[in-house]
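Undergrad: Sequence:
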Amino acid sequence: MPELPEVETVRAGLERWVSGRTIASVEVMHPRAVRRHLAGASDFAGLLAGRTILGARRRGKYLWLPLDSGDALLGHLGMSGQLLVQPVEAPDETHLRVRLRFTDGGRELRFVDQRTFGGLAVDPGGAELPHPIQHIARDPVDPLFSDTEFIARTRSRRTGIKRALLDQSLISGVGNIYADEALWRSKLHWARPTETLTRPAVALLLASVRGVLGDALLAGGTSFDSLYVNVNGESGYFDRSLAVYGRRDEPCPRCGTPIRRDPFMNRSSYTCPRCQPRPRNARW
Numbered sequence: 009m010p011e012l013p014e015v016e017t018v019r020a021g022l023e024r025w026v027s028g029r030t031i032a033s034v035e036v037m038h039p040r041a042v043r044r045h046l047a048g049a050s051d052f053a054g055l056l057a058g059r060t061i062l063g064a065r066r067r068g069k070y071l072w073l074p075l076d077s078g079d080a081l082l083g084h085l086g087m088s089g090q091l092l093v094q095p096v097e098a099p100d101e102t103h104l105r106v107r108l109r110f111t112d113g114g115r116e117l118r119f120v121d122q123r124t125f126g127g128l129a130v131d132p133g134g135a136e137l138p139h140p141i142q143h144i145a146r147d148p149v150d151p152l153f154s155d156t157e158f159i160a161r162t163r164s165r166r167t168g169i170k171r172a173l174l175d176q177s178l179i180s181g182v183g184n185i186y187a188d189e190a191l192w193r194s195k196l197h198w199a200r201p202t203e204t205l206t207r208p209a210v211a212l213l214l215a216s217v218r219g220v221l222g223d224a225l226l227a228g229g230t231s232f233d234s235l236y237v238n239v240n241g242e243s244g245y246f247d248r249s250l251a252v253y254g255r256r257d258e259p260c261p262r263c264g265t266p267i268r269r270d271p272f273m274n275r276s277s278y279t280c281p282r283c284q285p286r287p288r289n290a291r292w
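Using the working numbering, you'd call the opening residue of the sequence shown number 9 and step up by one each time.
If you are wondering where the hints come from, they were derived from the structure by calculation, not from laboratory data.
Treat the hints with care, since some could be wrong.
[Stated by the list, open to error] The list that follows gives simulated cross-link-like pairs (lysine to aspartate or glutamate, DMTMM-like), each with its CA atoms no further than 20 Å apart: (1) Lys195 with Glu101; (2) Lys195 with Asp270; (3) Lys195 with Asp257; (4) Lys195 with Asp150.
Full structure from sequences and hints, please.
TA: If you want it as structure tokens, here you go:
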């Protein structure tokens with residue numbers, strides 16, 4: 009699933025290509041793409057037609073386009089969603105789900121989703137912050153993110169540190185890939201109990217999270233297949249810089265020890281057994 013760097017890369021593209029433009033019409037090609045808009049596809053299209061997009065914003069892994077009506081077009085990419093800005097004459101993608109045309113006759117915005125786990129919805133009055141995502145914490149690259157609060161809340165929990173990093177009510181935008189990479193940089197095992205961490209240790213981890221996310225943003229995100237692309241259909245290349253994620257049995261870039269893979273929450277965790285020794289009092 010796309011994480012903060014991938015979603016932020018898409019947001020920046022939307023800001024460039026659709027901000028300030030007025031929507032002429034909306035075509036919903038698959039009802040599942042707007043299933044979170046409970047009033048249905050016709051209402052979804054009607055609320056968007058004639059509205060001007062004021063920008064592109066993000067909270068964690070969610071995107072939204074504030075509208076001049078005070079509403080918001082809220083989107084989540086899911087596992088395979090793509091928001092593409094395409095020439096009007098470009099052939100339709102195989103898994104095209106929603107099309108937005110603009111009054112200027114220029115490039116159109118297309119929501120493409122092979123697995124249909126993502127989706128779009130209009131949130132009434134949600135231009136500043138859509139109601140469905142108000143419970144999601146700020147992400148670590150948000151200027152208003154509180155380091156002090158994050159450190160205190162993390163140390164007060166009784167869970168494994170990776171579970172804490174993936175808790176979107178504590179810190180948003182961090183997923184499996186970047187959690188593993190940040191933990192490797194911090195020399196912390198994913199099962200280390202949060203209550204055993206010192207304030208400096210959590211501060212170092214937070215700095216590592218920011219470092220990993222920043223490096224990934226510069227690379228346009230991580231693409232393991234063709235499903236994640238930016239608005240121009242281009243893949244990111246941070247996967248070439250990954251230290252541990254997906255590198256089972258390959259040498260650790262720091263010490264040369266073969267990388268270990270462990271099952272974790274129906275997914276995987278990758279660590280260096282030497283750099284990140286498993287604690288005796290591990291929490292799953």
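Undergrad: Please work out if Lys195 and Glu101 have their alpha carbons no farther apart than 20 Å.
TA: violated (43 Å)
Undergrad: With a cut-off of 20 Å on the C-alpha distance, tell me whether Lys195 and Asp150 pass.
TA: violated (25 Å)
Undergrad: Check whether the Cα positions of Lys195 and Asp270 lie no farther apart than 20 Å.
TA: holds (16 Å)
Undergrad: Next pair to validate is Lys195 with Asp257; report whether the Cα-Cα distance is within 20 Å.
TA: holds (18 Å)
Of the numbered hints listed earlier, those contradicted by the structure are 1 and 4.
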